[in-house]
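Residues per chain are reported as follows:
Protein chains: 2
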Amino acid sequence: MAVNGSAKQVEHQVSDLDLKVNLSETLKEIPPPETLTFGQTMTDHMLISTFHPSTGWSDPEIKSYGPLSLDPASSCFQYSTNVFEGMKAYIGPDGKPRLFRPTLNMARMTRSAGRVALPPFDTDELLKLIKKLVQLESRWIPRTKGYSLYVRPTIIGSRATLSVGPSDHAILYVICSPTGPYFRTGHKPVSLLAVDEHVRSWPGGTGGYKLALNYAPTLMPQQLAAKLGYDQCLWLLGEDKRVTEVGAMNFFVVVKRDDGDLDVITPPLDGTILPGVTRDSTLALVAAHPSRTVLPNLPASTKLYAREHQLTMHELAELAQQDRLLEAFGVGTAAVVAGVGRIGFQGKDINLPPHESGLGPIGRALYDRIVDIQEGKFEWEGWSVVCDLE
Amino acid sequence: MAVNGSAKQVEHQVSDLDLKVNLSETLKEIPPPETLTFGQTMTDHMLISTFHPSTGWSDPEIKSYGPLSLDPASSCFQYSTNVFEGMKAYIGPDGKPRLFRPTLNMARMTRSAGRVALPPFDTDELLKLIKKLVQLESRWIPRTKGYSLYVRPTIIGSRATLSVGPSDHAILYVICSPTGPYFRTGHKPVSLLAVDEHVRSWPGGTGGYKLALNYAPTLMPQQLAAKLGYDQCLWLLGEDKRVTEVGAMNFFVVVKRDDGDLDVITPPLDGTILPGVTRDSTLALVAAHPSRTVLPNLPASTKLYAREHQLTMHELAELAQQDRLLEAFGVGTAAVVAGVGRIGFQGKDINLPPHESGLGPIGRALYDRIVDIQEGKFEWEGWSVVCDLE
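Protein sequence lines correspond, in order, to chains A and B. Going by the UniProt record's numbering, the first sequence opens with residue 1, and the numbers climb by one from there. Going by the UniProt record's numbering, the second sequence opens with residue 1, and the numbers climb by one from there.
Chain A with its partners taken away, still in its complex shape (with noise of 0.2 angstroms):
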């Protein structure tokens, strides 16, 4: 097809491209951050690119943030052609921004843009030009534990045809906004409704790709629980009602296993689940304590062990009735680490213990030292990303 030819011959040309760089004149004034609500206020730049079937992508641009023109048949409105990522900006001790495992976020991003055949495009090339971004707009990170800016890379295709075909035109572009902790006051355990009748992601669906696609079915279900009083959805998958994720949130819980130690739980990477960075980043960290590094406020002597298992309603309802489901919890960018407090389910709650804190002692010890990874204030397997241009 002409549209993978050309792409391809382009794939490798956006390092060659020269960024340009139009400042705005009057910048915004940036607003106290105990103000901030997530994902609302944008910072003065935006960075864009733009692809063509025959030039393939436009040098890129920072330019004022601002509203994009678009032709009403474009395949974004109307075939949902769009990907995202979500990164966090961090000041670190150094006074540099810093960013979290950003290769993570690049790979997931090319895997998402080929499912929905989005170009291709060159993901380290898109990774200093984020870089470059974060440090223009560093004014905005708030220098308060917690706060950070919020990146979000998007690419959305913009074929104006309204025949069903791969959109061989694209605008890729990154918009920032300074964010607060998602939780304001301190961690309050959140509710989870289970859900079965509306279903989040199947095997050979697009539930392990980062698509705008995959939020839209989650909005009207999440009402339906915000009505029963529950904060967020507990998505369900097949007759054995498996687990798969929480709100836009990886799944884990604590359990005590019959030799005392701990097994830390999420469900395995089949397809149906998002691969999370802050997923990735917790299972790693479980599987480094204690032998190669201590959580903080964890005894040495705790074993944790990471284990990814496909995780059933049934099975944690006999797991909280044994006493032995200690400590659930969601995890993702926005949050880092979300403590559960209770999980309705065919008219029941599953309670698990409470916590002063709203998160039990494995998902306090996650949040604390994951955030002092991000922040640059403890160092651990180059995670944490300077915005240091070459």
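It cannot be assumed that every hint is accurate.
Since copy identity is lost for identical chains, a pair holds within one copy or between any two.
Unchecked claim - Derived pair list, reagent style SDA-like, types lysine to any residue, alpha-carbon separation capped at 25 angstroms:
(1) Lys241 with Met313
(2) Lys188 with Asp18
(3) Lys128 with Gly382
(4) Lys241 with Gly208
(5) Lys241 with Asp270
(6) Lys256 with Gly180
(7) Lys227 with Met313
(8) Lys128 with Leu19
(9) Lys188 with Thr26
(10) Lys377 with Pro32
(11) Lys241 with Gly271
(12) Lys241 with Gln310
(13) Lys63 with Asp122
(14) Lys241 with Leu269
(15) Lys131 with Pro120
(16) Lys128 with Ser24
(17) Lys145 with Thr103
(18) Lys132 with Gly382
(19) Lys227 with Gly271
(20) Lys227 with Gly114
(21) Lys63 with Ser163
(22) Lys227 with Pro53
(23) Lys145 with Phe378
(24) Lys241 with Lys256
Read the hints as simulated data drawn from the structure, not as lab findings.
Use these hints to put chain B onto chain A, whose structure you have.
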């Protein structure tokens, strides 16, 4: 929730609003019908109305076709809160434009919008506005058999925040595109590749709704099918490899029964199948033959039975082997009826009996009758609705 409250308040206000008509000063030149490619040429005007949570839907406006301006954080880009409909307008023998069963599209659009938590709208009012737009654009409807004006009502969420939630801002618009017959050079049978690695829809998913998000996941599998020499994907679901849809059409087969009569079979509306207007029309016409109407060029002695039944690949292969699988076709607004020549599955092809015109007698009879009804040449149950405004 505030969103729902305010949406409800304005739900029935749309009919009180005035339509603003701002016609283009210069009109486009209409291309020769034979040069039209589906969905590429747009007419002069579009209909548009915007939803604001505090003021509801704005006065609808018919104005020059042109780009939409949207915040990069908009819900339609980030979370795929997008629905659409596909309708066709024809010129009847009386010279007046007509729509085909438009109330079914309006009802489906309401269901689709609710599924992705978009604000409700007044379908009666929208249909009046569409009729007005079609009247204004009627010079674009080719007067040639098989040609029509494709009408695409769309609603996109325009809430400009990155937090995941129902879009309390929206844009409703209707665009029109003149179009020729799907198969320009007569009916060429399409080849299908049965796909079970990628799944289009699943129980508890959104396959039964007309959502933009159902389409992006089909593009990459469609490219794979094309590489293997097949025109379209035949979507399968589950261990028993049951058929859901073909491309973006509903799937039908004609099967010889033991008693020599014919079953016309399509999968039931179990939530994984789009409730297609052409699907419904096909079932109704099959059920009406021969007792209430005799379909074109079919003997009245041929008895047809309309059946909704879950078809598996195993069953299709078995019926083909027994020489009982007489025809297979997809039905939908764009193609009306598209004959199937072969179905590839697990390295083998199921071949359908060839027909000189590409469609077998049942598919051909249905195509001819439906197009005659659509073009106002055969009156049936009020299906063809004249765009006469009171």
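Non-conforming hints, listed in increasing numerical order: Checked against the structure, the hints that fail are numbers 2, 6 and 9, while the rest are satisfied.
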